[in-house]
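Asker: Take a look at the letters that make up each chain.
2 protein chains.
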Amino acid sequence: MQQVTRDIPAAIAALQAHFGERASSGQSQREQHAHTTTWIAPELPDLVVFAESAADVQRTVQICAEHRCPVIPFGVGTSLEGQLNAPEGGISIDFSRMDQVLEINAEDLNVTVQPGITREALNIALRDTGLFFPIDPGANASIGGMTATRASGTNAVRYGTMRENVLALEIVNAQGQIVHTGTRAKKSSAGYDLTHLMVGSEGTLGLSTAITLRLQGIPERIVSGSATFPSIDAACKTVIDTIQLGLPVARIELLDPMQVQACNQYSQLSLPEAPLLLVEFHGSDATVDEQIAQFGELAADHGCNQIDTADSLEERNRLWQARHDAYWAARALKPGCTAHSTDACVPISRLAECISETREDLDANGLTAPILGHVGDGNFHVLLLLDESDTDEITRAKGVVERLAARAIGMQGTCTGEHGIGQGKQAYLRDELGEAVPMMAAIKRALDPDNILNPGKIFSL
Amino acid sequence: MQQVTRDIPAAIAALQAHFGERASSGQSQREQHAHTTTWIAPELPDLVVFAESAADVQRTVQICAEHRCPVIPFGVGTSLEGQLNAPEGGISIDFSRMDQVLEINAEDLNVTVQPGITREALNIALRDTGLFFPIDPGANASIGGMTATRASGTNAVRYGTMRENVLALEIVNAQGQIVHTGTRAKKSSAGYDLTHLMVGSEGTLGLSTAITLRLQGIPERIVSGSATFPSIDAACKTVIDTIQLGLPVARIELLDPMQVQACNQYSQLSLPEAPLLLVEFHGSDATVDEQIAQFGELAADHGCNQIDTADSLEERNRLWQARHDAYWAARALKPGCTAHSTDACVPISRLAECISETREDLDANGLTAPILGHVGDGNFHVLLLLDESDTDEITRAKGVVERLAARAIGMQGTCTGEHGIGQGKQAYLRDELGEAVPMMAAIKRALDPDNILNPGKIFSL
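If you're matching them up, the sequences are chains G and Y in order.
Quick note: the first sequence uses the numbering used here, first residue 1, plus one each step.
Quick note: the second sequence uses the numbering used here, first residue 1001, plus one each step.
Note that these hints are calculated values from the structure, not bench results.
The hints are all genuine.
DEER-style ranges, computed between Cβ atoms:
hint, chain 1, residue 1, chain 2, residue 2, range
1, G, Leu245, Y, Asp1390, 56 to 66 Å
2, Y, Ala1106, G, Pro272, 28 to 38 Å
3, Y, Asn1264, G, Gly130, 36 to 46 Å
4, Y, Arg1022, G, Gly296, 55 to 65 Å
5, Y, Glu1315, G, Leu245, 21 to 31 Å
Beta carbons are placed, not taken as given, at the ideal position from N, Cα and C, and that holds for glycine.
Kindly produce the complete structure, drawing on both the sequences and the hints.
Answerer: Written out as structure tokens, the structure is:
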């Protein structure tokens, strides 16, 4: 792409004139909006604008478009591949004040929200409807951020990812127009699927200002369980059997012994420190009992002697809160460390092999790194706990990440199941999809010719 | 878009030299490849190429790209909105000889096929795996065509549409490159979702040469049923309650009395000639019984006195074959007629109202037109049975279609749930998605600057 002549100071002046105190150039705000949580170095925006409406977002983009100034969307700041960085400077739009539920259509099982609402706040708002929104990445992320990275989480094995659960979007495009990408119909064959093009585009093609999501009925009965296995391989093989049998498990999460130990310490649990599967079943009384019994048989085939089940809301919440706190629990294993969470996803038949080779690679490189993940989808995470001052350790860790991406791609999988490409995985995207990447870049250039929307993410034009 | 200078004769000469007898310019082949089945007038291609491999498709597109000659993909010719027409002339690529299953990955619940295989042939090939491919538009369409129009059918209420069931594609793009849009991983956050951009793009952005599909386990037990209601409204309200309760019905189809009468005559059935729901439940013994009982209670609330169930494969097949033959059954109601099947899809809460207003409009215009459809998704069809020589009748029918599109859009639905835009619904697409349409056109221009891939479909550039 030819070099764009940006006039960032002019954009800042116009935005400050328009937004007054809602445009901040303070150092701490700028730092907070470029906090990467990983080994990716922060690159600060020049200004943070706090949007309160779609009109605010539109005005911001219009001003930025006029001056060809970069615009970077910010939800709550939990992305993991440098998606929030401002490598060319520019404006961070903070969506946290756009946190309203716009319309609950309980009778149609959908809801329209502003992008700044978090997944937990959304579920609180839905409390009286008998419905819930199932997608739950570990962090209490914003729905806008989850849309931008095509996020998923523990429930995806049953309910799908953001890809399956975003029905339609209102966006502001690079020209500053408000555009609706779909309707509230459950299905449609009307033209190109811009909704799905936007989901996972990491803010590079448009900024969401309203998001219509599918909802699910809260199951009549929910039972969680934990099952301990003699080896990671035995646990993975149980997962493979469960999926292949078509058992409609709602959650099936692997924690390796190091992660179990971390969770026990951090969340005051007393789980056996062995390879562990956390599962959950949703359904009616009859179906849940049937599912647990079937799962128990599969687990027993792989050496699991006992499944501890939790029926009550309190017990279940304690278990899943511990799972969602796994990242913080892992960090506590190595005080003062930097954590780098990487992810990969492979066809389920290759899961055991992929995890086992990755564990060998970690051990051979002397790295402290629990493995855990959404194994029902063939997706897992490695939490690399690193001493930032130990450059050799960082180098070894980067080697592990690179080989993991290559391993997953070699197994017909992907270098990222749910974290996205951002700045961190651009080389692996090219390894994975080859000639598809220039096609993506052509779309980017067509929709955002001045490269103002989150430049430098997914690919460097 | 500026006018492209096409040299179709040069492309024809090069293709004939390369493909020999596999390139046909015979009148009957050209006519067969532009047969529209509706009121849309046929527009014949200049040449039909019978592709036998991805390399053949690639060579065809490369020759066409060189001469800026249109290329139109052809599966089995069952599209309904003029998708196969050649308004600017050019080449029809016939995919019927690319009908192989390339790779069954039963352990990962997916399969990779060539685009010319039909859905019925695919399910025959899967027979020994315990798996099936659920998407079933009425016609025995090709998987490539179903991908291109984002097709669905009776099972979509439970298993989703082609949108949810295509995992990855191999395509030939407008530059004649072979590109892979995804992997076999169940989920991914790796870059733009080109797979979903291609699904439903009606051959205007790329031609599929291999399609990876999700598969489902064949349920332990399947029970079908038919339920008669005192009114269309009562049947629709039962559907709404079923969906809102979250009952995992696998199929729930409405047939209005005129369609029931047609099916009885055509398929030698003796269904009561009243508003009818055909349903199907998939699951284990226990869950299916539970679901039928729950559905029975909901239906009884709306005046249904009895549900006739069919357990045996033979009985079930007879019922669903009749449903799939509905189009032919309807045509037989008015011998010599032209049938025009139109579709719309609305949020489920608006279904009863949308169908009832549409029926009033049909009656007010004196048109013979059964209504039926995939009502669990809020999607229904109107089969307009028309005398082609009666121009006034055609005009009245076009008015009904136009008002149906406006009505669906006004209810926050879509002008097409599964048939696509093609040539027939371009004005309604603009009504439905406004400023999104120029964004789609920008993508088209970026990926196919000479407008060679199925020009004149979805929008006229």
